[in-house]
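Colleague: Listed below are the residues making up each chain.
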Amino acid sequence: MGAIQSVAVIGAGVMGAAIAAQIANAGIKVRLLDIVPKEGDDRNAIARRAIERLKTTQPAPLMSSRAARLITPGNTEDDFAALAECDWIVEAVIERLDIKQALYRRLAEVRKPGSVVSSNTSTIPLGELMTDMPESLRPDFVITHFFNPPRYMRLLELVSGPATSADAIARVTEFCDVALGKSVIPCRDTPGFIANRIGTYWIQTALALALEMGIEIEEADAIMGRPMGFPSTGVFGLMDLVGIDLGPHVNASLARLLPKTDAFHRMNREAPFLATMIAEGYTGKKGKGGFYRSTGRGRERVKETLSLAAAAQGRLEWRPSIRPDIAEVKDAKTDLKRLVGAKSNYGRYAWGVLGRVLAYAASLIPEIGDDIAAVDAAMRLGYTWKYGPFELIDRLGADWVASRLADLDEPVPPLLAKLGAGAFYREDGATLLRFTPDGGYRAVARAPGVLLLEDAKRGRKPVLSNKSASVWDIGDGVLCVEFHSIMNAIDGDTLALLGKTIALVQKSHKAMVIYSENLRTGPGKENFSVGANLGLAMFAANLRMWGKIEGTVKEGQKILQALREAPFPVVGAPSGRALGGGCEILLHCDAVQAHAETYMGLVEVGVGLVPGWGGCAAMLARWQGAKDAPRGPMPAVAKVFEMISTAKVATSAAEARELKFLRPGDGITMNRERVLADAKARALAMVAGYAPPEPDTLQLPGATGRVALGMAVEDFRKKGVATPHDVTVSTHLARVLTGGDTDMLDPVPAGAVKDLEREAFMALFRTRESQARIKHILDTGKPLRN
Amino acid sequence: MSSAVIAAYARSPFALARKGGLARVRPDEMAAAVVRELVARSGVAAEDIEDLIVGCAFPEAEQGLNVARLIGLMADLPIGVAGATVNRFCGSSMYSIHMAAGAIAMGAGEAFIAAGIESMTRVPMGGFNPMPSPALYGKMPAAYMGMGETAENVAKRWRISREAQEEFALASHVKAAAAQKAGRLAGEIVPIALSGATVSEDGCIRHDASREGLAGLKPAFDAEGSVTAGTSSPLTDGASAVLVCSEAYAARHGLAPLARIRSVAVAGCAPDIMGMGPVAASRKALARAGIEASALDVVELNEAFASQALACIGELGLDPARVNLDGGAIALGHPLGATGARITGKAAQLLGREGGKFALATQCIGGGQGIATVLEAL
Chain F
13 MGAIQSVAVI GAGVMGAAIA AQIANAGIKV RLLDIVPKEG DDRNAIARRA IERLKTTQPA
73 PLMSSRAARL ITPGNTEDDF AALAECDWIV EAVIERLDIK QALYRRLAEV RKPGSVVSSN
133 TSTIPLGELM TDMPESLRPD FVITHFFNPP RYMRLLELVS GPATSADAIA RVTEFCDVAL
193 GKSVIPCRDT PGFIANRIGT YWIQTALALA LEMGIEIEEA DAIMGRPMGF PSTGVFGLMD
253 LVGIDLGPHV NASLARLLPK TDAFHRMNRE APFLATMIAE GYTGKKGKGG FYRSTGRGRE
313 RVKETLSLAA AAQGRLEWRP SIRPDIAEVK DAKTDLKRLV GAKSNYGRYA WGVLGRVLAY
373 AASLIPEIGD DIAAVDAAMR LGYTWKYGPF ELIDRLGADW VASRLADLDE PVPPLLAKLG
433 AGAFYREDGA TLLRFTPDGG YRAVARAPGV LLLEDAKRGR KPVLSNKSAS VWDIGDGVLC
493 VEFHSIMNAI DGDTLALLGK TIALVQKSHK AMVIYSENLR TGPGKENFSV GANLGLAMFA
553 ANLRMWGKIE GTVKEGQKIL QALREAPFPV VGAPSGRALG GGCEILLHCD AVQAHAETYM
613 GLVEVGVGLV PGWGGCAAML ARWQGAKDAP RGPMPAVAKV FEMISTAKVA TSAAEARELK
673 FLRPGDGITM NRERVLADAK ARALAMVAGY APPEPDTLQL PGATGRVALG MAVEDFRKKG
733 VATPHDVTVS THLARVLTGG DTDMLDPVPA GAVKDLEREA FMALFRTRES QARIKHILDT
793 GKPLRN
Chain X
107 MSSAVIAAYA RSPFALARKG GLARVRPDEM AAAVVRELVA RSGVAAEDIE DLIVGCAFPE
167 AEQGLNVARL IGLMADLPIG VAGATVNRFC GSSMYSIHMA AGAIAMGAGE AFIAAGIESM
227 TRVPMGGFNP MPSPALYGKM PAAYMGMGET AENVAKRWRI SREAQEEFAL ASHVKAAAAQ
287 KAGRLAGEIV PIALSGATVS EDGCIRHDAS REGLAGLKPA FDAEGSVTAG TSSPLTDGAS
347 AVLVCSEAYA ARHGLAPLAR IRSVAVAGCA PDIMGMGPVA ASRKALARAG IEASALDVVE
407 LNEAFASQAL ACIGELGLDP ARVNLDGGAI ALGHPLGATG ARITGKAAQL LGREGGKFAL
467 ATQCIGGGQG IATVLEAL
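Chains as they are written, first to last, in my numbering: chain F, 13 to 798; chain X, 107 to 484.
With the rest of the complex left out, here is chain F (with noise of 0.2 Å):
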């Protein structure tokens, strides 16, 4: 068999959509089946539903609007034969084995041999499903354990049966890694696999020992959350988040399936009010609310938060939260031995829990794999733990945990006493080892293909470095440049390095990435970068050296449009958000290869300025050359200053191409993991001939273009859209987009209208109201609409 071209979903519930979803982001044409209604014309209402659901759902599901037109809807009856072209057919129906068994035995009928199907099972162990199933079924079914959401959790749980063929294994991992970007962790046909049944036990130990020890939820939260790389939810948080009554489900399955020996069960305490939240609709935040709530409206607004002493007397009762100041909690910012060692009832609930899990996870191995650095990454990408259980061992020492399990009556796991002082992860030169159950360490694993940047770094020393950012020899003649400052914000020394880089290359080497890496963010936190640092320009403002931002803002200038004309190919690599200068540098790339989840834009008007480092010539440039659009000399200016004026970025890599801040020539990556590779590979393949691009001469039309764009942003006034200062910042914007005086005769070159943005980013600086916009976002996080 091939390798996996059509698919088909059954099931359009919220995770058999978002799957459909997923696999539509990556350009693949999927088939999305549900039953057919007992009521309605349309058999194919369901999953038509399913798929308008899609595009008002947040986060998105879908990556661009075109993603959707990539899923047909369908029914289980008359389409039910139309799967026999299916490579991979999803089953993600409702949990029950009888329903799901039956469907089996149709697809059983009707698919075409070889072909995979999988379920979406969370709570139904392979070996039930495949119970008195037709023979020719097994070799070709798996579990593909999604986590919701989809299209931002990226670990796919992949469990196979004893029956199961390496060649069915083989092409759905490859799939689901490199078209729909999955971490594929491989499980075993145990109950939970690996990350539900350590988080469901980490999630009911933390709410049966609050519970037990008095401890009220706006404090669990703060300490079982950011104090240990947990999510900064915290576990109610958190279950309010995806939805208290899943829990039940989970654990009602957990509870039928695991031996009775297994720690599981003395946490899975009966908490009836539970039930009487669920009764009430108060199901987290997809319901009225949860642990948390909000009552009231605008001003009047009130959060509150469940009283988890009166819950435990079986009453709901929500009071006003409260922010816990917990000195163990600041404490744990040095060292969480601070806080998990603490005598105090806050340190003894945070050892309780954390020791507990910590146990439960080691005593897991050999059960659930063999691969704790498999557990680890299933834990950190499905439950977006910073640290997986074994690395929050090995930050606490292995010997201390194992000391200080007595505390709480847990005996060590044997793999915890066959490790004694030592620790889980190891380095051997540029080789990150594992733990063994035999004893041993065995190389970590990575996929094939994939490139990590702290792999290239390990025990190796950057090329280049300064505080911001350094470069790395990533082999094959090509070197990495990599920004490390807060938010990756670029400064001087980002702009500095960047231009040795370019002297570098030039001189030994073949071609330049431009790539960062923090691959323990949560889903949609990483930064590529935000953008000029502006806490460095609201400094020399303060002092009044307008010299000095404005040299920054040549300098930016001069060292972007080096990136475009060195006589070699520069590669921009982005994840997440690329906005002002991150973009702009990416504008400036010979090409880019985007992770899927990248967010560019080009966001200067929130701070009150212009883009000052090449983003208007360039984006003038690429609409001006689209041959989709109208022509004349108006269309692609107002499209910039569309774009430009509202900030807008787009919410997805798919996205930015339809904006043009990426090329229909640029790549994108599914898989985060593969990012780096391929943008290698990309540059690699252009050093042969390579030629860097012409300048960019732009047709203009001037003041005409300058009164056109004034009318719109002053009706925008009017209708109370635009505040006076959006006005300033947009007639400034609207003198650099249309050339200044030009006439429309004339060709303006690239570098004329970055003299225009340098004069509009100058001026807008020295305004109050811009001070204000930068001051504040500095403060706050947020921007300031004055």
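In case anyone wonders, no lab produced these hints; they're calculated from the structure.
Idealized CB from N, CA, C, for every residue including glycine.
Hints may be right or wrong, so weigh each one.
Computed far set for chain X versus chain F, every beta-carbon distance over 10 Å [unchecked claim]: (1) 132; (2) 329; (3) 330; (4) 358.
In silico DSSO-like cross-links for lysine-lysine, where the CA-CA straight-line distance does not exceed 30 Å [to be verified]: (5) X:262 to F:730; (6) F:67 to X:125; (7) X:287 to F:730; (8) F:430 to F:398; (9) F:430 to F:272; (10) F:297 to F:639; (11) X:245 to F:730; (12) X:245 to F:660; (13) F:639 to X:262.
Following the hints, position chain X against chain F.
Modeller: Just chain X now, with coordinates in the frame of chain F:
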């Protein structure tokens, strides 16, 4: 001098721009479908047509070049039928009727098709390349003023309250919805089957329009103002056409004319209150017809905005009960270049249906103008 008559009238359904069923239809092809059907329904011999005169407010892109000539070729009119595109913004296709009537009067032809088109989806209002003169803008910014702002100006100066505007808008929807339900619109509509699906009904009418719904809308053009999307005509795609011929020609060929063109007029007004354009134009046309407003049995007054429509009704002393009997542009939509032929054709048709003697069709025009046509029963 020969008098001119409106011998037939047809139009496409009017659909909301972007969201409606005609969004993916080329305006030139849509207009050709309407012209072809008008010729068929009227029974005119196509080779007798002197000229196809097409009004369009933003004649570029798919409605660019000399689109009238192209529409004629698309509609398979005989090669000898000429074509001219005319732009008087919203008054374009009413003016194409005036041009036909004028030509007939001077003996420059006997039969004309006066049509109008606008896809406000496919060619944005303002066109793709708005390039105002900085000098004129400096001297007289109102020359380029947005239509919404002019509607606010009229509401303020003529003291038209938001409630009154909403009452008027609601009435427009109620009348249009009733007309659609009773099948009174179907006869003038040419179904358009060009986008893979057939569009055969107007798409802008809100059968569920309510006072509460209208009252809940935010001002659309001025945060402190009174004009909302609900009291403005929507952006619309559509095409319309009328057959204009000499009375003698109609009689000779056994056509069934709807009404005689009794008088016409255009007039300028201040650009910042362009909505008041119908006042001067209608007064001139009524004077030329030698009648008073009280003699009108039927009035089609384009509802660009409720504020200007109400102010014009007041200034002209029109009887609201005789204005826009089947609803106006607020409910039906206002594809700029196509509206003039619609309301003139509609007024002619209503004159017959209502058994009246005189009808007035009039509309305001961006930039500060009005246009008016007085029709007379045959």
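Colleague: Now tell me, hint by hint, if it's right for this structure.
Modeller: Results for each hint:
no. : hint           : verdict
1   : 132            : holds (15 Å)
2   : 329            : violated (3 Å)
3   : 330            : violated (8 Å)
4   : 358            : holds (47 Å)
5   : X:262 to F:730 : holds (15 Å)
6   : F:67 to X:125  : holds (16 Å)
7   : X:287 to F:730 : violated (39 Å)
8   : F:430 to F:398 : holds (25 Å)
9   : F:430 to F:272 : holds (25 Å)
10  : F:297 to F:639 : violated (45 Å)
11  : X:245 to F:730 : holds (21 Å)
12  : X:245 to F:660 : violated (34 Å)
13  : F:639 to X:262 : violated (46 Å)
Hint compliance for this structure: hints 2, 3, 7, 10, 12 and 13 are not met, and every other hint is.
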